[in-house]
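**Student:** If you want the building blocks of each chain, they are given just below.
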Amino acid sequence: MAKKETQEQKKPRPINTESKTAYTLHLMKMNQACYWMMLPFFLLFTFFTIIPVVMSLPLGLTSFNLVQFPHYVGLTNFYSLFVNDDVFLIAIKNTLIFAVFTGPFSYVLSFILAWLINEMNPFLKVFFTFVFYAPSMTPSAFVIWQLIFSGDSYGYLNSILLDLGIINSAKQWLTDVTYMMTVVIIVQLWMSMGAGFLALRAGFQGIDTALYEAGAIEGIQNRFQELFTITIPAMGPSLLFAAVLAISGAFTVGSVGASLCGLPSTAYAVHTVMNHAQDYGSIRYEMGYASAICFVLFAVMLICNHVIRSVLSKYTD
Amino acid sequence: MAENVQNQIPESLEAANEKALKKLRKRQKKRGDIEKARVKKSKGKHINGSLGGDIAIFILLALLGIFMVFPLYYSIVQSLKPISELFVFPPKLYVLQPTGENFSNLFKVAGNLWVPFSRYVFNSVFITVVITVMHVFVVCCCAYVLSKCPNIPGYRFANQLIVTSMLFTSTATWIMQFVIMAKMGMINTYWAMILPSVATPMGLYLMRQNMSTINDAIIDAARVDGAGAFRTCWQVVIPNQKPAIATLIIFVFQGAWNIQGGALVYKEQLKTLPTIMSQIAASGIARQGIIYASAVVLMIPPLVIFLIAQSNVMETMANSGMKD
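Respectively, the protein sequence lines represent chains A and B.
Take 56 as the starting number for the first sequence in the working numbering and just add one per residue.
Take 49 as the starting number for the second sequence in the working numbering and just add one per residue.
Derived from the structure by calculation, the hints contain no laboratory data.
One should not assume that every hint holds.
To be verified - Some chain B residues judged to face chain A by a derived CB distance under 7 Å, without partners named:
1) Val117
2) Phe118
3) Pro119
4) Leu120
5) Met224
6) Pro244
7) Gly276
8) Ala292
The beta carbon of each residue, even a glycine, is placed where N, CA and C say it ideally should be.
Generate coordinates for the entire structure from the input sequences, incorporating the hints supplied.
**Tutor:** In structure tokens form, the structure reads like this:
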């Protein structure tokens, strides 16, 4: 490769007569500075993300208990996942329910909130952005939810409902299979005003104000018209970013359910794929099996991402 | 320009019908309104909004906001409660006799540690500052190329790689990460905590997406003026990306501040503030107050950064200055 480059330096020929590889090399040389700018990130990224990920993919095909050297077992892990493991099927069902409820809802909700905040004056903007981002900054924020949904009659929700006479006896919100799913979905939605919301705020903030002035001259009457004709088309990239975050957030839910209802939860009612991977990875130390679970999850998210990208690209530039 | 229009009106008026005149007048009035709006803009008034709408939005947000800010409020209240109030059941949502006892206890415990407490503080501050500075620099450089140089070979592949890696979650990756770091001799150094956090795809994708909204004409103009890729990035693109950079800083600072070190660092002198705080808090139910006090202390730096970053964003954005 180095040889070719020096040859090119000696006798520069018109570009269109060269072969494709030579043209590629020419482009690469022309844009050398770009590669230098990408180098630091991709160097670190390769070492700390790509290589570990690529090296752990084959783990799904092995049986690995962290002590002995992994040994190859073929597709056994994947086979038993779908055929023998009943809990995995429950986990898939739960994950899909969570994904359908929390993913789109939290995405739309954070967009609406970011938009509403954008309509306020500068001081209130900072204030409300802070208020809605606060749960993401508070460690163990959902402790408060444990108090609210506590199963005895002192739990806030129970005591209010008992006082009002709506229920006769304290409900076990966190261990009764009928309520667990709903409770966890509510808490999950509440927790989801995180990175995506903040990124959307930045997206709103980055829109050129001249666009709005132009819109006013063209005769836009109200906020909603403005939102659909100017704001959303100009927000395309930020919307995509938030979508990717929403997808990965929706499919990797598990920590909220685990800390509210325990791991494993009663009758696996809020057991998700992520919980299942944690169960096998960090409790049973069956790393091979855990890797296989993660791989399935990854495949599902890739498909979902592809679908959402193609939908979003229709509505934005 | 406004004068020109006014001069033309009387001539065209006689020839055209009165409707056209009305339309023009209306448009002029609107333009006047917009001039007013432009003046008001410095006060943050939205052009197409109404006062009633503003108030409705405020009430809606305030109601939802109470719900969101609750855990933060609760942690602070708990940290101010004296022992007698902490164990009241059911827990009260307010504090009758606020006390600084929990905080002074926290620092009393912290003062008696084997490694001086200041060392933990230094570790955390050092790591956080280095990660934040390196991350912002590295990510901005890379994001510029990934958004604004579409004709370099490998452009599509690199972008795909970033998005794909954001979706990858693996509970098994950390094993390989540990193996690689051990091979490079980074275990038990600051680098083990710093380097993996510098190159995270989320920040890069955030910046890439935001930079791609910048008008290509500015970049072409910079190129014509003789600026290279690096200079275009830092002198033309970055100054226009204040909101995104502020968000990036909030993310990376928060992440870096909460790094615990885990298996990567086991030398006591290298451990961070969150590690020691959780160790202090983990030692029994009698330290209930200290748990909340340490949570509040740990929350302060990210909170300050958040407020500084967000309020700087709210200054009027530099317009791109484009006249197409």
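**Student:** Indicate, hint by hint, whether the structure satisfies it.
**Tutor:** Going down the list of hints, with the structure as the test:
1. Val117: holds, 5 Å
2. Phe118: With a minimum Cβ separation of about 6 Å from chain A (threshold 7 Å), the hint on B/Phe118 holds.
3. Pro119: holds, 4 Å
4. Leu120: holds, 5 Å
5. Met224: holds, 4 Å
6. Pro244: Check passed: Cβ of B/Pro244 comes within 4 Å of chain A, closer than 7 Å.
7. Gly276: holds, 5 Å
8. Ala292: Holds: closest Cβ of chain A sits about 5 Å from B/Ala292, inside 7 Å.
Of the numbered hints listed earlier, not one is contradicted by the structure.
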